[in-house]
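When you get a sec, could you build the whole thing from the sequences and use the hints?
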Amino acid sequence: MNYFLTEEQQMIKELAARIADEKIAPVAIEYDIEGKFPHDIIKYLADSDLCGVYIEEKYGGLGGGVFEMALVVEELSRACGGIALAFAGTGLGTFPIILFGSEEQKQKYLPDIAAGKKLAAFGLTEANAGSDAAGIQTTAVLDGDHYVLNGTKQWITNGGEADVYTVIACTNREKGARGFSAFIVEKGTPGFSFGKKEDKMGIRASSTRELIFENCRIPKENLLAREGMGFIVAMKTLDRTRPGVAAQALGIATGALNAALKYSRERIQFNQPISSFQAVQHMLADMAIQIEAARALVYQTCRHIDSGAKNISKESAMAKVFASDTAMKVTIDAVQILGGYGYMKEYPVEKMMRDAKITQIYEGTNQIQRNVIALELIKELSSK
Amino acid sequence: MNIIVCVKQVPGTNEVKINKETNTIIREGVEAIINPFDEYAIEEGVRIKEKTGGKVTVISMGIPKVADLLKETIAVGVDEAVLLSDRAFAGADTLATSYALSMGIKALGEYDLIICGKQATDGDTAQVGPSLAEKLNIPHTTYVRKIEEIKDGYIRCQRLTDDGYEVIEMPLPAVITVVKEINEPRLPSIKGKLKAKKTEVKILTADDIGADKDRCGLKGSPTQVIKTFVPEHNVVAEMIEGTAEEQAKKLAQKLLSMQFMKAR
Ligand SMILES: Cc1cc2nc3c(=O)[nH]c(=O)nc-3n(C[C@H](O)[C@H](O)[C@H](O)COP(=O)(O)OP(=O)(O)OC[C@H]3O[C@@H](n4cnc5c(N)ncnc54)[C@H](O)[C@@H]3O)c2cc1C
Chain A
1 MNYFLTEEQQ MIKELAARIA DEKIAPVAIE YDIEGKFPHD IIKYLADSDL CGVYIEEKYG
61 GLGGGVFEMA LVVEELSRAC GGIALAFAGT GLGTFPIILF GSEEQKQKYL PDIAAGKKLA
121 AFGLTEANAG SDAAGIQTTA VLDGDHYVLN GTKQWITNGG EADVYTVIAC TNREKGARGF
181 SAFIVEKGTP GFSFGKKEDK MGIRASSTRE LIFENCRIPK ENLLAREGMG FIVAMKTLDR
241 TRPGVAAQAL GIATGALNAA LKYSRERIQF NQPISSFQAV QHMLADMAIQ IEAARALVYQ
301 TCRHIDSGAK NISKESAMAK VFASDTAMKV TIDAVQILGG YGYMKEYPVE KMMRDAKITQ
361 IYEGTNQIQR NVIALELIKE LSSK
Chain B
1 MNIIVCVKQV PGTNEVKINK ETNTIIREGV EAIINPFDEY AIEEGVRIKE KTGGKVTVIS
61 MGIPKVADLL KETIAVGVDE AVLLSDRAFA GADTLATSYA LSMGIKALGE YDLIICGKQA
121 TDGDTAQVGP SLAEKLNIPH TTYVRKIEEI KDGYIRCQRL TDDGYEVIEM PLPAVITVVK
181 EINEPRLPSI KGKLKAKKTE VKILTADDIG ADKDRCGLKG SPTQVIKTFV PEHNVVAEMI
241 EGTAEEQAKK LAQKLLSMQF MKAR
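Going down the list, the protein sequences come from chains A and B. Under the numbering used here, residues 1 to 384 are what the first sequence spells out, in order. Under the numbering used here, residues 1 to 264 are what the second sequence spells out, in order.
If you're looking for bench data, these hints aren't it; they were derived computationally from the structure. A virtual CB, placed ideally from N, CA and C, is assigned to each residue, including glycine. If a hint is listed, it holds; no wrong ones were tucked in.
If the Cβ cut is set under 8 Å, some of the chain B residues that face chain A in the computed set are:
#, residue
1, Arg186
2, Leu187
3, Pro188
4, Ser189
5, Ile190
6, Lys191
List time: in silico EDC-like cross-link candidates among lysine to aspartate or glutamate, alpha-carbon distance up to 20 Å:
#, chain 1, residue 1, chain 2, residue 2
7, B, Lys191, A, Glu7
8, B, Lys197, A, Glu8
9, A, Lys23, B, Glu181
10, B, Lys180, A, Glu22
11, B, Lys51, A, Asp47
12, A, Lys13, B, Glu72
13, B, Lys198, A, Glu8
14, B, Lys195, A, Glu56
15, B, Lys191, A, Asp112
16, A, Lys43, B, Glu184
17, B, Lys198, A, Glu57
18, B, Lys197, A, Glu7
19, B, Lys191, A, Glu57
20, B, Lys197, A, Asp47
21, B, Lys106, B, Glu80
22, A, Lys197, A, Asp163
23, B, Lys195, A, Glu57
24, B, Lys197, A, Glu14
25, A, Lys197, A, Glu186
26, A, Lys43, B, Glu43
27, B, Lys191, A, Glu56
28, A, Lys23, B, Glu184
29, B, Lys146, B, Asp112
30, B, Lys191, A, Glu14
31, B, Lys198, A, Glu14
32, B, Lys195, A, Asp47
33, B, Lys49, A, Asp47
34, B, Lys195, A, Glu8
35, B, Lys195, A, Glu14
36, A, Lys23, B, Glu43
37, B, Lys198, B, Asp68
38, A, Lys43, B, Glu50
39, B, Lys191, A, Asp47
40, B, Lys195, A, Glu7
Right, dumping it as C-alpha cells:
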C-alpha cells in the first residue's frame, strides 16, 4: 500500500529498516534471553540521525513529529519490540520537554537526546497507581531553590539506562490530580536511585526498573510548565506517544506475518508446502488484513496529531487499541502456523508473541483506552 | 589529507550470470550496487579524513547511471564524487580501466592516498588497484587489513597474507587495496542522505581528462576472455597432532611413505 510518505519519511523508514534487518534481527533473541540493553544499537541509530527524528531542527533533530517517531519504532519493532523500546521509551520521556519545556530546558536537554548521547524515561506509574494514575503518592516539596522529591516510581522503561527522567509528583495533595507537577530529574542526582531490574515475559532487552527518590533535591528550574500542570503534562504526552506503542505493535505483527509466510512456503507436510492448505492461507490473509488496517489507522492518526489537531485522545487511543490487539492476535496465529517450531526459541515468533502482550498493557491498558474512547463518544454526542 | 577512493558498480547479486557467447558478465536486469569491497575503501578514506582533515573524493568509470550510486557515498562522509563517463570507455578490460582512472585522477590534481577495494565481486581480478599504481608511477600495497600509521608522505600498513600479515611502509602518494577486515562500514545518516540529494556528481569525458581514446574502452583492451571458471582449490591438508618431536617424527614417516624423501 502506498501511504504517500514524503521523501524524508521514506528515507527515515528505509534507514530504520536497514538497521532492523542488518543490526537488530541477528541479535534479537540473544538480547532477549540475556536481558541485554541495546546500547550498541542506539549508537547505530544515533550515527544515522534517527534519535532525533521527532525533535526540532534547532535542537539538532530532524524536525519531524509523531509520524516520524512511529515510522522508526515500527521498523525497529519488526526485528525486536524490546530493542525498539529504548528508542520509543526515550520519546515518552522527551515529549514532556518538547511540549511543555521552557526554552532553557529545551536547549539543555533536547540536543543530547537528538544526538543519541542521552536516553530519556518517563515516570508516572507507582505500585498503587497504575490505571488510576491520579493515585500517585510521590511528593515534591519546595524548599528554597529546590524541590525535594520522595517516593517510588514503578516499572519505568529505560530506568537506570536513561540520563533524563520526567517524573510526575504531588506538590499539593489537597488538590488531587490538579496538585500534580512534572519535573526533570537527572541521573546521578543525590537521593535518586534505581530498584532491581524486572524479570519480564517479553520486551526483555528493555530495562524496566523502579525510580527511588529519597530526599532527592532538584533545582527549582527543573519544574516543567507550572505547579499543578503535572497531570496535564502526563496526559498530553501519552496522547502523543500512544501511536508509538501502536507502531511498536504494528512492527511486531509485521515481523510475525513475514516469518509465518516464509515458513509456510518452506514447511512441507503431506508432500506439499503448508501454504497450500486453505486453513493456513486464510490465517495468513486475516493477519495481513488486520495489519494493513492497523497501519492505515496508525499512520492517519499520526498525521492527524502532527497537523496540530487539538483533541487527539480518542484517535490516539483507537490506534493503540487496534494495533495492539492486532499484534496479539497476529503473533498467536503466527505461532500456530509454525506449529511446534513456533513454540521454540529457535524461531522468532515465540518471542514476538511474548513481546506483543505488553502493547495491550502499558501507556494505558486497552480497557482504559476503551473507557477513554467511549467517554469521548458520549461527550461528543452531548455537545451536539 | 586528500584521499581518492576508486569505486565500481557491480551487479547486486551473489549469482553473477555469464553470457555464454561473449564470456562476459550479464549486467542487464540486475540491481546495481557499489562493489562491496569498495565500501570498506570508502569507510577507511572517511576515517582517515576524520582524523587528519582534508577530503575524500570517489571516482568511478561507468555508465551515467553510476552517478546515482556515487551520490549515495556522500551520505557516508564522502565529499566529492567524480564519474568518468564516455562511449570511448565502454568495453574496457582492467588495463584500459586503470588507464582511464589514472588519467582521471591526474586531472583531479594533488592527492595523498588512493584506496581501492581488494577486488570487484563481478570480475574478481584484483588487477585494477596495482595496475593503477603502475600507471601513476607510485607504490602500492594490496590486501591491507589495517593502517598502523599515516602522516604526511608516509604510511605503514598491515598486508593480509595466507598465514598472517606483513607490515609494509611506503612513501605517499601511494595506492592501497583493502580487505573487509579493515573496518566496519558505517550506515548512512539522514543528514548525509539529504546532503547527497543536493550533491552534483562531476561527470568527465575522455577529452576532459585528456585520455588517449586508443588506450580506452574496447580499443585499449587486449584481454580476450576465452573461458571463465572458478578454479578448484585442491589442497588436502592433514593436521599432525602431538608435541613438536612427535610431529616431526610423524611428518618424516609421512614423507617417507609418500616417497618424498629417502631414509638413510
Ligand atoms: C514493561 C512495562 C513497562 C512500563 N513502562 C512504564 C513507564 O515507562 N512509565 C510509566 O509511568 N509506567 C510504565 N509502566 C506502567 C504501565 O503503564 C501500567 O502497568 C499500566 O498503566 C497498567 O497499570 P497496572 O499495571 O497497575 O494495572 P491495573 O491498573 O492494576 O489494572 C489491572 C487490570 O484492571 C483493569 N482495570 C483497571 N481499572 C479499570 C477500569 N477503570 N475499567 C476497566 N478496567 C480497569 C486493567 O485494564 C487491567 O486489566 C510499564 C509497565 C510495564 C509492565
